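Engineer: Just so we're aligned, residue 1 is where the sequence shown starts under the working numbering, counting upward by one.
If you are wondering where the hints come from, they were derived from the structure by calculation, not from laboratory data. Treat the hints with care, as some may be off.
To be verified - Straight-line C-alpha distance at most 25 Å; calculated DMTMM-like pairs for lysine to aspartate or glutamate:
#1 K289 x E279
#2 K261 x E279
#3 K289 x D248
#4 K461 x E441
What the hints assert, rightly or not - Label-pair distances were calculated between CB atoms; the ranges are:
#5 K365 x K478: 48 to 56 Å
#6 S135 x K461: 47 to 55 Å
#7 C200 x A470: 26 to 34 Å
#8 S317 x F162: 26 to 34 Å
#9 D266 x G148: 53 to 61 Å
Keep in mind the model is a prediction, meaning the values are calculated, not measured. In this text, a Cβ means the ideal position worked out from N, Cα and C, and glycines have one as well.
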Amino acid sequence: MQNEKNKKKCSNFTNRRDFVKMMASFGASAAIAQIYGCKQLTKSRIQISKKDDCGKYNVLFISVDDLHDWVSPLNNQHRPITPNFERLAKRGMTFTESYCPSPLCGPSRAAVLTGMRASTTGLYQNTDEFSELLSDAENLPLCFRRNGYKAMGAGKIFHGYFPQYWDESLENGARLYQAGQPKKNGTDLPGIFDWGQLDCDDSDMDDYKMASWTIDRLKRDYGSTPFFLACGLYLPHVPWYAPKKYFDMYPLDKIVMPIIKDNDIDDIPAIGKKIAQKEYYDAVEATGKSREAVQALMASITFADAQIGRILDALESSPYNDNTIVVVWGDNGVHQGQKQHWHKNTLWRESTRTPLFISVPNKTKPGAKCDQIVSPFDLYPTLAELCGIKEPEVVEGHSIVPLLTNPDLKWSYPAIMNRKKGEFAIRFDNWRYIRYANGSEELYDVAADPHEWNNLANVQKYSSVKTELAKFIPATVK
1 MQNEKNKKKC SNFTNRRDFV KMMASFGASA AIAQIYGCKQ LTKSRIQISK KDDCGKYNVL
61 FISVDDLHDW VSPLNNQHRP ITPNFERLAK RGMTFTESYC PSPLCGPSRA AVLTGMRAST
121 TGLYQNTDEF SELLSDAENL PLCFRRNGYK AMGAGKIFHG YFPQYWDESL ENGARLYQAG
181 QPKKNGTDLP GIFDWGQLDC DDSDMDDYKM ASWTIDRLKR DYGSTPFFLA CGLYLPHVPW
241 YAPKKYFDMY PLDKIVMPII KDNDIDDIPA IGKKIAQKEY YDAVEATGKS REAVQALMAS
301 ITFADAQIGR ILDALESSPY NDNTIVVVWG DNGVHQGQKQ HWHKNTLWRE STRTPLFISV
361 PNKTKPGAKC DQIVSPFDLY PTLAELCGIK EPEVVEGHSI VPLLTNPDLK WSYPAIMNRK
421 KGEFAIRFDN WRYIRYANGS EELYDVAADP HEWNNLANVQ KYSSVKTELA KFIPATVK
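Between the sequences and the hints, there should be enough to build the whole structure, so can you do that?
Structural biologist: Encoded structure:
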């Protein structure tokens with residue numbers, strides 16, 4: 001059934017044989033030929049049935065806000081201290097080429113949690129109202145509830161607080177940042193782009209409280225009822241405020257700064273230059289504190305890593321450990337000066353490549369890696385298949401269950417990223433193709449140019465590559 005569904009979804013992509021021949025002439029890999037109210041419990045007091053007995057896995061679903069690929073299993077160049085992401089990698093499968101469906105919190109989360117792209121729903125901005133645009137959608141926790149699960153969520157799962165979707169929930173909290181609150185770094189940068197060391201304990205932080213709530217739920221007895229338990233961590237979203245001890249882990253003289261090409265945006269279209277916001281980049285650089293900003297980002301990532309570690313400790317000491325799927329994913333990435341940009345919401349690599357870790361008892365091999373291009377957009381159908389439940393027909397993603405046991409399987413699907421109406425990036429095989437609403441384009445050979453510095457869109461010999469990659473762009477855009 002799943003294979004038939006996947007065939008149906010990709011049936012509009014034709015002329016694949018010609019695409020193979022054309023791509024081969026440019027040295028593309030052979031894989032391109034495949035286009036397309038509970039009691040407290042103790043571990044000793046209760047035994048949880050295995051999947052074969054009860055037919056249902058539990059799901060622990062952790063989202064991390066604005067987490068790009070600076071975690072040690074994906075990127076050691078910048079020396080991130082993320083021992084618990086390493087635990088996740090050892091526990092199950094690391095997807096090394098995962099790309100978010102949209103490079104902004106609200107649209108990305110809406111896409112992942114409904115299985116529908118922004119181009120389908122029309123939800124492109126954080127200011128777009130999820131409950132209005134998607135009032136008829138059966139989102140992920142509702143789907144699990146319909147199938148007999150107890151759904152519980154704490155922190156930032158959706159972009160906003162929607163207690164009606166959960167059996168139990170805990171609101172996000174104040175994040176130690178309020179309008180009018182003095183900034184920590186003393187610079188006059190707009191919005192909440194700020195960072196600073198906090199003289200506080202971990203337990204004073206909202207993310208710690210969200211993790212504690214999640215840990216408490218792992219200590220409860222749900223009888224024969226399976227659970228879908230979600231925890232959304234806010235850091236490393238700006239402002240990058242974290243306890244001082246995490247800053248101390250990253251001495252300024254040891255910070256490895258990202259490689260930035262001075263004329264990186266010279267060869268991109270005018271709309272790309274506008275998105276880059278060079279004036280904002282110049283303002284950050286003018287503070288003379290870009291190194292401090294990177295330090296704060298890394299401190300925030302390590303703080304988030306510590307909360308994941310606390311949750312993993314609780315799971316592993318619980319009777320649920322052997323019957324619980326663990327998923328950890330980032331909603332979008334963020335730039336640290338690359339493409340002369342210090343934010344997110346772009347279609348370039350820094351804003352779209354995000355971590356994805358999945359472990360499934362008795363299915364994923366510990367320490368496995370998958371280099372196929374995937375997306376957290378695929379989580380809805382993947383979790384539905386793993387848990388034996390039927391997802392709504394409107395779900396557009398593809399189950400990546402086959403990759404969980406065979407990570408070298410040739411994969412037929414691209415990652416499709418959608419920024420605004422008519423603005424898309426396609427990540428497929430060795431290519432990143434970007435097309436803006438006005439028709440202007442960018443094309444990068446990622447294998448030869450991993451930093452995406454050389455825009456090939458205006459090179460004539462690659463015109464057929466663009467044509468074929470453009471076929472992945474959804475035909476219907478709301």
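Engineer: Indicate, hint by hint, whether the structure satisfies it.
Structural biologist: Status of each hint after checking the structure:
Only pairs whose Cα atoms come within 25 Å are accepted, and K289 paired with E279 is accepted, the gap being roughly 16 Å. A distance of roughly 16 Å separates the Cα atoms of K261 and E279; the hinted pair therefore holds under the 25 Å criterion. Distance restraint check for K289 and D248: the Cα-Cα separation of roughly 17 Å lies within the 25 Å cut-off, and the hinted pair is therefore satisfied. Between K461 and E441 the alpha-carbon distance is near 15 Å, which keeps this suggested pair within the 25 Å criterion.
Checked against the given bound of 48 to 56 Å, the beta carbons of K365 and K478, roughly 40 Å apart, lie outside it. At about 48 Å, the CB distance of S135 to K461 agrees with the hint of 47 to 55 Å. About 50 Å separates the C-beta atoms of C200 and A470, a value inconsistent with the hinted range of 26 to 34 Å. Taking 26 to 34 Å as the suggested C-beta distance range, the pair S317 and F162 conforms, at roughly 31 Å.
At about 57 Å, the CB distance of D266 to G148 agrees with the hint of 53 to 61 Å.
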